[in-house]
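Protein chains: 2
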Amino acid sequence: MNLDNLFRAAQEAFLFYKNLPGKEKGAFLDTLADTLEAKRSEIVPLAVKESNLPEGRINGELGRTTGQIRLFANLVKEGSWVEATIDPAMPDRTPLPRADIRRFLTPLGPVVVFGASNFPLAFSTAGGDTISALAAGCPVIYKAHPAHPETSRKVADCIHQAILKCGLPSALFTHVEGGISEGQALVKHPIAKAVAFTGSHLGGMALFDLANQREEPIPVFAEMGSVNPIFCFPRKLEKENEDLAKAFVASLTLGVGQFCTNPGLIFVPEKLAKAFESAIAAELKDIAAAPMLHPGIAQAYYDSIQFLESREELRWVKVADPKHLINGSTALAEIKAVDWLKDKLFQKEVFGAFAMMVVYQSEDELLEIAKHLHGQLTITVWADAEELQNQLFLLNLLEEKCGRLLFKGVPTGVEVGYAMQHGGPFPSTTAPNSTSVGAYAIKRFARPIAFQDMPQELLPDALRDDNPLGIWRMVNGSYTK
Amino acid sequence: MNLDNLFRAAQEAFLFYKNLPGKEKGAFLDTLADTLEAKRSEIVPLAVKESNLPEGRINGELGRTTGQIRLFANLVKEGSWVEATIDPAMPDRTPLPRADIRRFLTPLGPVVVFGASNFPLAFSTAGGDTISALAAGCPVIYKAHPAHPETSRKVADCIHQAILKCGLPSALFTHVEGGISEGQALVKHPIAKAVAFTGSHLGGMALFDLANQREEPIPVFAEMGSVNPIFCFPRKLEKENEDLAKAFVASLTLGVGQFCTNPGLIFVPEKLAKAFESAIAAELKDIAAAPMLHPGIAQAYYDSIQFLESREELRWVKVADPKHLINGSTALAEIKAVDWLKDKLFQKEVFGAFAMMVVYQSEDELLEIAKHLHGQLTITVWADAEELQNQLFLLNLLEEKCGRLLFKGVPTGVEVGYAMQHGGPFPSTTAPNSTSVGAYAIKRFARPIAFQDMPQELLPDALRDDNPLGIWRMVNGSYTK
Chain A
1 MNLDNLFRAA QEAFLFYKNL PGKEKGAFLD TLADTLEAKR SEIVPLAVKE SNLPEGRING
61 ELGRTTGQIR LFANLVKEGS WVEATIDPAM PDRTPLPRAD IRRFLTPLGP VVVFGASNFP
121 LAFSTAGGDT ISALAAGCPV IYKAHPAHPE TSRKVADCIH QAILKCGLPS ALFTHVEGGI
181 SEGQALVKHP IAKAVAFTGS HLGGMALFDL ANQREEPIPV FAEMGSVNPI FCFPRKLEKE
241 NEDLAKAFVA SLTLGVGQFC TNPGLIFVPE KLAKAFESAI AAELKDIAAA PMLHPGIAQA
301 YYDSIQFLES REELRWVKVA DPKHLINGST ALAEIKAVDW LKDKLFQKEV FGAFAMMVVY
361 QSEDELLEIA KHLHGQLTIT VWADAEELQN QLFLLNLLEE KCGRLLFKGV PTGVEVGYAM
421 QHGGPFPSTT APNSTSVGAY AIKRFARPIA FQDMPQELLP DALRDDNPLG IWRMVNGSYT
481 K
Chain B
1 MNLDNLFRAA QEAFLFYKNL PGKEKGAFLD TLADTLEAKR SEIVPLAVKE SNLPEGRING
61 ELGRTTGQIR LFANLVKEGS WVEATIDPAM PDRTPLPRAD IRRFLTPLGP VVVFGASNFP
121 LAFSTAGGDT ISALAAGCPV IYKAHPAHPE TSRKVADCIH QAILKCGLPS ALFTHVEGGI
181 SEGQALVKHP IAKAVAFTGS HLGGMALFDL ANQREEPIPV FAEMGSVNPI FCFPRKLEKE
241 NEDLAKAFVA SLTLGVGQFC TNPGLIFVPE KLAKAFESAI AAELKDIAAA PMLHPGIAQA
301 YYDSIQFLES REELRWVKVA DPKHLINGST ALAEIKAVDW LKDKLFQKEV FGAFAMMVVY
361 QSEDELLEIA KHLHGQLTIT VWADAEELQN QLFLLNLLEE KCGRLLFKGV PTGVEVGYAM
421 QHGGPFPSTT APNSTSVGAY AIKRFARPIA FQDMPQELLP DALRDDNPLG IWRMVNGSYT
481 K
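Protein chains in written order, with the UniProt record's numbering: chain A, 1 to 481; chain B, 1 to 481.
Bound-form chain A, shown alone (with noise of 0.2 Å):
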């Protein structure tokens, strides 16, 4: 299909959807949802056979993607999402009077969203990018990743069906299959006004550019991955030396490794570095080499891993063994904290079931590792109360490091919720103000308008004086219902 025709249809649909109220939304995408339930045993082998990943992983990809995709039709169909917000006319004001303003969120229009490998399903064609999208009003073209096709397509397919058993326009959403010049066509096209993107630093700063450098430039939001650092302090690793070894590896190789919120950095106390080194290589020791998404991947993996072998100051507590290439083999190298510093390099993401453990002597050189920390998704702080309570200053600054900080369990394991926040400073993404992962995810595809003096009868449902959805509202400065 030619570039242009396909962007004309999304923004005609566009100019309908978009005023279609938040109930329709709403129900447009359960039925996407149930949709998705339906084909569950025609989906499911697809991903499996395209991603590698084991087949009750994915029933709980499909789970965690129609879980999404209600919880974004709750949000639309309550509606109070769109921060309305009412400053009455003041006619009597002196020494001017004030005019009637009313703003609230509109969505952008439509949006180009790009499939991430590593989720088929929640992070893909019908996954929380695109779906956050729709339920703002932006129609989506849609770039498939090209290592899971075949899930693409039937997934592109329910969603259609979902389109259709909704009367609504067909161009809602676009499925464009190819490569790196097609995915950059799309971030081109004029018409498209928005990119999100889950995948590499290289690949999301490459849109980034890209879209910066349009005649008018469009916000990219790129979630590109981090290290999650794990901070040990010595009481709480002491106590529970070998649970957090446990849950630590569990973690590092969920998955073969291949989240973006996987620890691959762990900063330990030097007097009790060997006994959690122990503990952790005990656990590892039942952890089986598994296959990756797909051969490029692994192969980066091991190239990472290879250029990393090529560095002295790192100690290697476990050697990855590429024998069967596919395969990704849990490696684990040590550092000191002194070394480590040194040079940026070691705070590169490898994607992979990687970690390096950073030796730490005191904790002014924690102080030191967290000004140097790059901008990450999350970090996670293992202390006890008392520990805590010493490190205010510390955790003051992990806090400017990141987008979430965890006092308990691991990084793994991204809740959809209302609270999440998935994104964090740069690299780990683009921008360090949205999320990708739950409720707040719509607000990337709006943008305020405000409307003055206008008729009660031309106003949006959200915005009228007898509030006919019964949403929260901000009036005069107060909230209302």
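It should be emphasised that the hints constitute simulated quantities derived from the structure, not laboratory data. For every residue, glycine included, the Cβ atom is placed at its ideal position computed from N, Cα and C. Check each hint, because a few of them may be wrong.
[Said to hold, decoys possible] With the Cβ distance kept under 7 Å, some of the chain A side facing chain B (calculated, not the full set):
#1 N212
#2 E216
#3 P448
Given the coordinates of chain A, assemble chain B onto it according to the supplied hints.
Just chain B, lined up with the frame of chain A:
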């Protein structure tokens, strides 16, 4: 002062200031408003001298400035702006328990603000950008506008007096003077986390490109103006010919046309064009040329006019008179819609009291115009009730092209309130999802962070179970206090 030292001091001030309670931040802003009021008799003459704007206007602008300082003071004292969102733990959830996740907005860090020439007070040293950044919790490195250095220094003194009085770190605000290269150096500094700018398209885009090419790209909130079209419909125009001509000319010539919401484009139906033109011409007769902000702006105005005078598509209703170069003399040209549509140069802003009257023949032509129109801060529609009902599709298109849509009055006079949206699609701004005027302006300088399983005693007050601030929060998806 060395730039590194300056930014390091700002970063240190940030790590302290960001954690102050909203009440203390608000008290500081109130103190600043009081200080500015107390120094009114010193500030106003300086600003009058340096801007060529009349004393009445500058007095009013100081009131606007302190008014918006108090708006932000109230906003942060009240505290709900941080979007506190709480998903409490569900330890018994199956198949997996839910962690406790709490999200709110945290300030970005040190922010670079550029002063605007056309508002020596309200958009300059202690103007909307500076104040919304300080309210959010961000120190400001302020680049003074070279057109009003003495005013800027005087206001900066007031800010430092308020800082001193409240016992805050002096690096909360840094006043920097210089030219383009000094401004660029500020934007490039690695500690800078965002940029706010009001000014020309060229200037805004230069900063935007610079900020995106940094090792860590940062957001640029550049408000670059627009031509703020007015769409006139026949019934309304016929009924109110003189009144609308009067309102238009008053808005066009207010402040010698030096407003970002100045109406530089007006669409008029052919059959009424003559009558409306006469009414406008009658109004224009009484408007004397008046000094513009500085000679450079006057020069740029007449250069633009001269270029347009070379275009044969334009018929001049009133020619500019560059006799006294500093004086801005109103100019008005007429053009057929069919010609206007042919060249996007006719959409370029001419900063000053110039407008283009575009004569349209049909409603189809209006739709073409709406499709071709660039992004605007505002669009105004003058139509009676029946005409509006007949133009729903056009209105739907116009919404896509602006940040504020008016149905009465004129675009100049931007209300500072909760619902105001001052910012629109590119090229009127580089960040259409934000506003530079009104309460929501504070959100530009904050980003979300989520705390997972953070102990109660460490949580920020905004997120503690007992809600000690008494703010509005979203708990489990519902608003509550």
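Going down the list of hints, with the structure as the test:
no., hint, verdict
1, N212, "holds, 5 Å"
2, E216, "holds, 5 Å"
3, P448, "holds, 5 Å"
When the structure is compared with the earlier hints, no violation turns up for any of them.
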